[in-house]
Amino acid sequence: EPEVTQTPSHQVTQMGQEVILRCVPISNHLYFYWYRQILGQKVEFLVSFYNNEISEKSEIFDDQFSVERPDGSNFTLKIRSTKLEDSAMYFCASSALQGPETQYFGPGTRLLVL
Amino acid sequence: GDSVTQMEGPVTLSEEAFLTINCTYTATGYPSLFWYVQYPGEGLQLLLKATKADDKGSNKGFEATYRKETTSFHLEKGSVQVSDSAVYFCALGDSGGYQKVTFGTGTKLQVIP
Chain A
1 EPEVTQTPSH
11 QVTQMGQEVI
21 LRCVPISNHL
31 YFYWYRQILG
41 QKVEFLVSFY
51 NNEISEKSEI
61 FDDQFSVERP
71 DGSNFTLKIR
81 STKLEDSAMY
91 FCASSALQGP
101 ETQYFGPGTR
111 LLVL
Chain B
1 GDSVTQMEGP
11 VTLSEEAFLT
21 INCTYTATGY
31 PSLFWYVQYP
41 GEGLQLLLKA
51 TKADDKGSNK
61 GFEATYRKET
71 TSFHLEKGSV
81 QVSDSAVYFC
91 ALGDSGGYQK
101 VTFGTGTKLQ
111 VIP
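Protein chains in written order, with this note's numbering: chain A, 1 to 114; chain B, 1 to 113.
Since the hints were derived computationally from the structure, they do not count as laboratory data. All figures in this text were calculated on a predicted structure; none of them were measured in a lab. Keep in mind that a hint or two might mislead.
[Stated by the list, open to error] As a list, the in silico DSS-like pairs of lysine-lysine whose alpha-carbon atoms are at most 27 Å apart:
#	chain 1	residue 1	chain 2	residue 2
1	A	57	A	78
2	B	52	B	77
3	B	56	B	77
4	A	78	A	42
5	B	56	B	68
6	A	42	A	57
7	B	56	A	42
8	B	68	B	108
9	A	42	B	60
10	B	60	B	108
11	B	52	B	68
12	A	42	B	108
13	A	83	A	57
14	B	77	B	60
15	B	108	B	56
16	B	68	A	42
17	B	52	A	42
18	B	77	A	42
[Unchecked claim] Computed list of chain A residues with no C-beta within reach of chain B, every gap over 10 Å:
#	residue
19	13
20	20
21	65
22	70
Ideal placement from N, C-alpha and C gives every residue a C-beta, glycine not left out.
Bound conformation, chain A alone:
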């Protein structure tokens, strides 16, 4: 069964450093999403992406965040200058159709900012 994959599974970085989290969505999917979960808190929507542009973003998704689909298979989330509060589990999701029930999630990347 096709699945969404994410790399790395864990990332440790120093505050102020840039990180890139990578996702490979399911190959025929058109809609892509990033969510995050700070430890012990809710899974929060960050951004959705369709047709090579951001379609919706949350208040969390400020100027330090960016997303890209660089090569038609990967979908990346870049955090330009990490802060301690960026430590979280980041989930990528993709869907073939518009709508939450069709979203397939990856296993997540656990980011720790020191």
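Following the hints, put chain B in place on chain A, whose structure we already have.
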């Protein structure tokens, strides 16, 4: 804005016990409701869904009924197994825009033999 509140865990049950995980929501309009499950080391999987009031979603022996009057979507299973040990997330689907999912905090279930 939309929000989901679910009971805190962890929940520890013996095999074959009855499971209830409570979930309530706040939303404008008529959202779709979901339960997702995350097994250790894996991604979030859609367990079941309900798209309108009084709908019952079911899958793998789990059930949840969309109760508009009590804004609830409690997850139940009559007889849990060790393999059901996972984290369960209640969620709702935004009825507008690109339909992002709003999640609860998750409830960890541990089933012991």
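A quick look at each hint next to the structure:
1. A threshold of 27 Å between alpha carbons decides the hint, and for residue 57/A with residue 78/A the separation of about 14 Å falls inside it, so the pair holds.
2. A distance of roughly 21 Å separates the Cα atoms of residue 52/B and residue 77/B; the hinted pair therefore holds under the 27 Å criterion.
3. About 13 Å separates the Cα atoms of residue 56/B and residue 77/B, which keeps this hinted pair within 27 Å; it holds.
4. Between residue 78/A and residue 42/A the CA atoms are separated by roughly 21 Å; this keeps the pair inside 27 Å, and the hint holds.
5. The hinted pair formed by residue 56/B and residue 68/B meets the criterion: a straight-line CA distance of about 12 Å does not exceed 27 Å.
6. Proximity of residue 42/A to residue 57/A is assessed by CA-CA distance (about 17 Å); at most 27 Å being required, the pair is judged to hold.
7. A C-alpha spacing of about 24 Å is found between residue 56/B and residue 42/A, which places the hinted pair at or below 27 Å, so the restraint holds.
8. Our distance criterion of 27 Å between C-alpha atoms is met by residue 68/B and residue 108/B, whose separation comes to about 25 Å.
9. As the CA atoms of residue 42/A and residue 60/B are separated by approximately 25 Å, the hinted pair is consistent with the 27 Å bound.
10. A C-alpha spacing of about 18 Å is found between residue 60/B and residue 108/B, which places the hinted pair at or below 27 Å, so the restraint holds.
11. With a CA separation close to 8 Å, the supplied pair residue 52/B and residue 68/B stays within the 27 Å bound.
12. Annotation: proposed proximity of residue 42/A to residue 108/B holds, straight-line Cα distance about 13 Å (limit 27 Å).
13. For the hint pairing residue 83/A with residue 57/A, the CA-to-CA distance comes to about 19 Å; that is within 27 Å, so the pair holds.
14. The straight-line distance between the Cα atoms of residue 77/B and residue 60/B is roughly 9 Å, inside the 27 Å bound, and the hint therefore holds.
15. Restraint check: the Cα-Cα separation between residue 108/B and residue 56/B comes to about 23 Å, which is no more than 27 Å; the hinted pair holds.
16. Using a Cα cut-off of 27 Å, the hinted pair residue 68/B and residue 42/A holds, with the two alpha carbons roughly 22 Å apart.
17. Note on residue 52/B and residue 42/A: the hinted pairing holds, with a Cα-Cα distance of about 24 Å set against a maximum of 27 Å.
18. The suggested pairing of residue 77/B with residue 42/A holds, with an alpha-carbon distance near 23 Å, which does not exceed 27 Å.
19. With 10 Å as the threshold on Cβ separation, the claim that residue 13/A sits away from chain B holds: the shortest Cβ distance comes to roughly 22 Å.
20. Non-interface call for residue 20/A relative to chain B: holds, since the shortest CB-CB distance, roughly 19 Å, exceeds 10 Å.
21. Residue-level check passed: residue 65/A sits 15 Å from the nearest beta carbon of chain B, beyond 10 Å.
22. Once the 10 Å rule is applied to beta carbons, residue 70/A is consistent with being away from chain B; the minimum gap is 21 Å.
The earlier numbered hints are all upheld by this structure, with none contradicted.
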